[in-house]
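Reading the sequence shown from the start, the letters are residues -4 to 249 in our numbering.
It cannot be assumed that every hint is accurate.
Pair by pair, the computed Cβ-Cβ distance ranges are [unchecked claim]:
(1) ARG212 with LEU5: 25 to 35 Å
(2) ASP241 with VAL84: 30 to 40 Å
(3) LEU186 with ARG242: 24 to 34 Å
(4) THR100 with THR45: 45 to 55 Å
(5) LEU26 with ALA166: 41 to 51 Å
(6) GLY87 with GLY210: 27 to 37 Å
(7) THR100 with ARG61: 39 to 49 Å
(8) ARG242 with ALA166: 13 to 23 Å
(9) ARG194 with LEU5: 16 to 26 Å
(10) MET(-4) with SER157: 13 to 23 Å
(11) SER147 with LEU186: 34 to 44 Å
(12) PRO29 with THR100: 48 to 58 Å
Heads up, simulated EDC-like pairs for lysine to aspartate or glutamate below, C-alpha to C-alpha not over 16 Å straight-line [what the hints assert, rightly or not]:
(13) LYS98 with ASP137
(14) LYS182 with ASP195
(15) LYS136 with ASP105
(16) LYS136 with ASP163
(17) LYS28 with ASP50
(18) LYS136 with GLU152
(19) LYS136 with GLU160
(20) LYS136 with ASP170
(21) LYS182 with GLU224
(22) LYS136 with GLU159
Quick caveat, the hints were computed from the structure, so don't treat them as lab data. Here a beta-carbon is modelled for each residue, glycine too, at the ideal position from N, C-alpha and C.
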Amino acid sequence: MTFYDEIVRLGGMDFAGFLERVTPSHVTNLLAKPDLRSQDFLALLSPQATPFLEDMAQAAHRLTLRHFGRTILLYTPLYLSNYCVNQCVYCGFNVTNGIERRKLTLTEVDLEAKAIAETGLQHLLILTGESRQHSPVSYIKDCVSILRRYFSSISIEVYPLSAEEYADLIAAGVDGLTIYQEVYDEKVYSLLHPKGPKRDYRFRLEAPERAGQAGIRAINIGPLLGLHEWRIEVFLAGVHAAYLQDRFPAIEIS
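Construct all of the structure, not just a fragment, from the sequences and the given hints.
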């Protein structure tokens, strides 16, 4: 069983009907609860919860201070390559777009790493477009071997990998994964990703689980809001995060 099975189960839910049944008193009661279930979270996303936004913000602030204190994590992204073979209709990296394409040489990666490290930043996120030809896992691994000399934490935001590939990069020094599902609704996903390997909805959806199985330290997920009804998308992202936390309790989920 994977999170895809949970998506299939939730696909039969009447979201519109549920949201319409939420009342202000329902929201008030939820704000007093110490622990929330997934349907409670959906209720707090309802139109009836809008007047309670400040109450929710204050509750979230208290939880943040309790669990994390007054801390801020700063990181910077480093694009290794913008070559891509997908045709995502919303993305400037779309293979049909006539933009200049290039990838950093290993010498350039070293120069960028030095410049970034001199600012004091210790957390780095490296990104590529989706082109295994131009940015194979071996190239990403070579980049990580250079970057680990400069940074205490290296995360990747690249195309979905197999569990074995994630394990290989973790052994090289990667400790975090960022991978956005873009949109959780499978039908909308198909419309927005007409061609390219990214069209495989399930392979992307299950990527965080494969990274978790490989022993990654941190996973960051989320939808690209605006592609589908935002309340449903935020709800499914929350359910996805909760699923990953339950399955991999030692992993930091964002």
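### Message
Flag every earlier hint the structure violates by its number, smallest first.
### Response
none
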